[in-house]
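Q: Keeping the supplied structure of chain A fixed, place chain B upon it in accordance with the hints.
Chains as they are written, first to last, in the working numbering: chain A, 1 to 435; chain B, 1 to 435.
Fair warning: there could be bad hints in the mix.
A pair counts as met if it fits within one copy or between any two copies, since identical chains are not told apart.
Claimed, not checked - Only pairs whose alpha carbons sit at most 20 angstroms apart, straight line, appear in this in silico DMTMM-like list of lysine to aspartate or glutamate: (1) Lys159 <-> Glu314; (2) Lys17 <-> Glu69; (3) Lys214 <-> Asp6; (4) Lys122 <-> Asp63; (5) Lys191 <-> Glu215; (6) Lys214 <-> Asp234; (7) Lys17 <-> Asp68; (8) Lys331 <-> Asp301; (9) Lys176 <-> Asp6; (10) Lys17 <-> Asp66.
Since the hints were made in silico from the structure, they are not lab data.
It should be emphasised that the depicted structure is a prediction, and the values quoted were computed from it without experimental measurement.
There are 2 protein chains.
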Amino acid sequence: MATYTDIARRVYNHTFKLDPIVRSLLDTDFYKLLMLQMIWGLYPKVEATFSLINRTTSVRLADEIDIDELRAQLDHCRTLRFSKKEMIWLAGNTFYGSKQIFQPGFLRWLENFQLPDYRIEKRDGQFVLDFPGLWVETTMWEIPALAIINELRSRAAMKHYGPFTLDVLYARAKAKMWEKVERLQKLPDLKISDFGTRRRHSFLWQRWCVEALKEGIGANMTGTSNVKLAMDNDLEALGTNAHELPMVLAALARSDQELMEAPYRVLQDWKSYYNGNLLIVLPDAFGTDAFLRDAPDWVADWTGFRPDSAPAIEGGEKIIDFWKARGRDPKEKLLIFSDGLDVDMIEEAYLHFDGKVRMSFGWGTNLTNDFEDCAPAPNPGLKPISIVAKVSEANGRPAVKLSDNPAKATGDRAEIERYIRVFGDAGRVEHAVRV
Amino acid sequence: MATYTDIARRVYNHTFKLDPIVRSLLDTDFYKLLMLQMIWGLYPKVEATFSLINRTTSVRLADEIDIDELRAQLDHCRTLRFSKKEMIWLAGNTFYGSKQIFQPGFLRWLENFQLPDYRIEKRDGQFVLDFPGLWVETTMWEIPALAIINELRSRAAMKHYGPFTLDVLYARAKAKMWEKVERLQKLPDLKISDFGTRRRHSFLWQRWCVEALKEGIGANMTGTSNVKLAMDNDLEALGTNAHELPMVLAALARSDQELMEAPYRVLQDWKSYYNGNLLIVLPDAFGTDAFLRDAPDWVADWTGFRPDSAPAIEGGEKIIDFWKARGRDPKEKLLIFSDGLDVDMIEEAYLHFDGKVRMSFGWGTNLTNDFEDCAPAPNPGLKPISIVAKVSEANGRPAVKLSDNPAKATGDRAEIERYIRVFGDAGRVEHAVRV
Chain A
1 MATYTDIARR VYNHTFKLDP IVRSLLDTDF YKLLMLQMIW GLYPKVEATF
51 SLINRTTSVR LADEIDIDEL RAQLDHCRTL RFSKKEMIWL AGNTFYGSKQ
101 IFQPGFLRWL ENFQLPDYRI EKRDGQFVLD FPGLWVETTM WEIPALAIIN
151 ELRSRAAMKH YGPFTLDVLY ARAKAKMWEK VERLQKLPDL KISDFGTRRR
201 HSFLWQRWCV EALKEGIGAN MTGTSNVKLA MDNDLEALGT NAHELPMVLA
251 ALARSDQELM EAPYRVLQDW KSYYNGNLLI VLPDAFGTDA FLRDAPDWVA
301 DWTGFRPDSA PAIEGGEKII DFWKARGRDP KEKLLIFSDG LDVDMIEEAY
351 LHFDGKVRMS FGWGTNLTND FEDCAPAPNP GLKPISIVAK VSEANGRPAV
401 KLSDNPAKAT GDRAEIERYI RVFGDAGRVE HAVRV
Chain B
1 MATYTDIARR VYNHTFKLDP IVRSLLDTDF YKLLMLQMIW GLYPKVEATF
51 SLINRTTSVR LADEIDIDEL RAQLDHCRTL RFSKKEMIWL AGNTFYGSKQ
101 IFQPGFLRWL ENFQLPDYRI EKRDGQFVLD FPGLWVETTM WEIPALAIIN
151 ELRSRAAMKH YGPFTLDVLY ARAKAKMWEK VERLQKLPDL KISDFGTRRR
201 HSFLWQRWCV EALKEGIGAN MTGTSNVKLA MDNDLEALGT NAHELPMVLA
251 ALARSDQELM EAPYRVLQDW KSYYNGNLLI VLPDAFGTDA FLRDAPDWVA
301 DWTGFRPDSA PAIEGGEKII DFWKARGRDP KEKLLIFSDG LDVDMIEEAY
351 LHFDGKVRMS FGWGTNLTND FEDCAPAPNP GLKPISIVAK VSEANGRPAV
401 KLSDNPAKAT GDRAEIERYI RVFGDAGRVE HAVRV
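Extracted from the complex, chain A is given alone in its bound form (with noise of 0.2 angstroms):
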């Protein structure tokens, strides 16, 4: 036939609904459900409430996004739940080397999971955007949640675009990021993973990519963080710990004492639940220096740091000093590099790091939304903006997160001053935040 058209898909596709962004509650991060493990294990009844943070301020989420279509898509994660092919893949996986590395008390708990309810309202161009309720339950809202908002934002910068505009801006952007695989496949020993769920343009970008990566650099690509497409591509689901973690535990803490001492008991609390190469240290949440410096020496015992608040090459070095003065063997040690990383960045740390530590690195924003002129006129709603889902408070109380860069700094100003004055400042310097 000369016109032949799939009758019964076209009008499936005119007609339907909802476009849905996440269709899965694997499409999320590998972290947040080993995070989930420990909360629900150790910290089952504590409230924690997330808070979309854009730090992108120039940007009018609230004025690009139709707030209706954000309800509809965050409404339609509410309906999620862990399919059983995703529940025994979970229980029958094999993660970092480890099999049952979830509890079946765990998995069955998890069974049953759904998204708690949501707040929102417009509020000055920008969406207020609270998930307020159990820990166990408000923490899979992060992942989800900007990654809608960003998926929304990138249909609505291409909603005026005709058919070969878009096919054209697609097929800029796979050549540009074929540069980019064609750039790391000159850095032999490279370990890297995808880490773009949250910002990414859209999924189907993502699994490109992903899958692009794959096949570009073969098995220097060490996985995703992406549980699901972990799953659909046969990659290991990679990530560890958050700053949610201290974060919690700090805002808990009755004294300034306990202040201090929360960032350390959150890695017993981890290492109750894990070991091996999930022993990474996240040392940044309030100040690196300071974290350093208070460390009990069990902390130098541990794989390894990601360090994702400094530049990578003196985030790095801060850390291989600590780990020389505490008398431990960097080469034996690994650091994750993932803070806003591009091409430029990953060559120049695994040049300067080559010999020196195991490295791995874990590639965001750039790998995922990077559509930089590949639109036919500059579009200022493809340039993906710095916005995060953070803990806003644990059981009422205020929670803060300092970061090595004031710019990345959250929480409420008083409580800011008062972790300053508990960690200090030492080390903490401002760099611009662009994803």
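A: The following block gives chain B in isolation, referenced to the frame of chain A:
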């Protein structure tokens, strides 16, 4: 790639605003263009309002179809112009064996043709939809307006179907259609064409049916009334004239005498533009019996008749009697059947008239909108309705159609009485109107 999706196409499909039902001014019935040229030439200043009439009053169209969607589709039609390719085809193609059937002056005028504005409101669950203006503009609304309403109704009826339900629905409809083709294959000298544009399920479905019929019965399919499908598939564009011609001329008549002459004056007008197989008489506007009784002898010289509102055999025999009474040989004459045909009726008429008269069939709604028993559960929204767009007034005077079937009569009650007084009521018998 395991999970390839054309992202650009996908994004486009889900962000575009409107899925236009009518995308070309050629997506109309051929007879509209033939009539248009005559109106352009002879009645350029006459005003004629077309009005939607839903004879299936049990169906509350305005409850089934969203008025804003309807407006968007009608408005989209008004943006259409004949494209260069279409104009070249109209000028260069052979229609009914004649080249240059359209005059250069008419084609120049047609180049700038645009559908005029319309008026719409909801009343008692129905749309009051009128197309007022110059006849030479409003006449072109009939087919797109009907096709749009019918397709919007189909879309609404399928809105909640999932992709597999739709897949099965169309699979069944295809199987059903093919059974009809197989029955028609047994009629060796059949001449049949598609007349199903106005009440089609959808454009894509009509296209499928036309292409399937062409493949299934080959040269026995003589063409389609749809100009665009004729052009795209190298089929003959078929059709001659419609009730609007005698209806407008009758409405313009300044005396009962002029009224009585109006149906024959239309034929003289027509003959000044067309000849050969285009000389087809549509006898039933004000009752076939009256028309034949009062017909001047030259009417019997025309090539054929299209009895459009009586049962095929009864209506055909009446015309054959007329030819015989006027001393013409029916075997040299042509009957075109086009009123609510299904395969049973086609078979019956074919067998009855075979060898007695030349005949052809214009197959409409039962070809392009038969989804009976195709949906998983009975879906009244997929059942075609009897909906027409008729001239309601010309130069401010009410227009009337009597028809051979009083159920198909339209117009002001008092005027209908007057027409019956002038033309008589002989031979007019009520039959159920399905479509």
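Q: Is it within a copy, between copies, both, or neither that the alpha carbon of Lys17 lies no farther than 20 angstroms from that of Glu69?
A: both (11 angstroms within a copy, 15 angstroms between copies)
Q: My question is about Lys17 and Asp68: at a cut-off of 20 angstroms on alpha-carbon distance, are they close within one copy, between copies, both, or neither?
A: both (13 angstroms within a copy, 17 angstroms between copies)
Q: Within a copy, between copies, both or neither: where do Lys191 and Glu215 come within 20 angstroms Cα-Cα?
A: Classified as within; 14 angstroms inside a copy, 58 angstroms across copies.
Q: Have a look at Lys159 and Glu314 and pick one of within, between, both or neither, based on CA distance no larger than 20 angstroms.
A: Answer is neither; intra-copy 42 angstroms and inter-copy 58 angstroms both fail.
Q: 20 angstroms Cα cut-off: does Lys214 pair with Asp234 within a copy, between copies, both or neither?
A: Within one copy, since 11 angstroms is at most 20 angstroms while 49 angstroms is not.
Q: Given a CA cutoff of 20 angstroms, do Lys122 and Asp63 count as a within-copy pair, a between-copy pair, both, or neither?
A: Within one copy, since 9 angstroms is at most 20 angstroms while 34 angstroms is not.
Q: Check Lys17 against Asp66 for me: Cα-Cα at most 20 angstroms, and say if that holds within a copy, between copies, both or neither.
A: both (15 angstroms within a copy, 15 angstroms between copies)
Q: Which holds for Lys331 with Asp301 at a C-alpha limit of 20 angstroms: within a copy, between copies, both or neither?
A: within (13 angstroms within a copy, 105 angstroms between copies)
Q: What label fits Lys214 with Asp6 when the C-alpha limit is 20 angstroms: within, between, both, or neither?
A: Between copies only: 19 angstroms across chains, 32 angstroms inside a chain, cut-off 20 angstroms.
Q: Which holds for Lys176 with Asp6 at a C-alpha limit of 20 angstroms: within a copy, between copies, both or neither?
A: Result: close only across copies, 17 angstroms inter versus 33 angstroms intra.
The structure fails hint 1 only (numbered hints given earlier).
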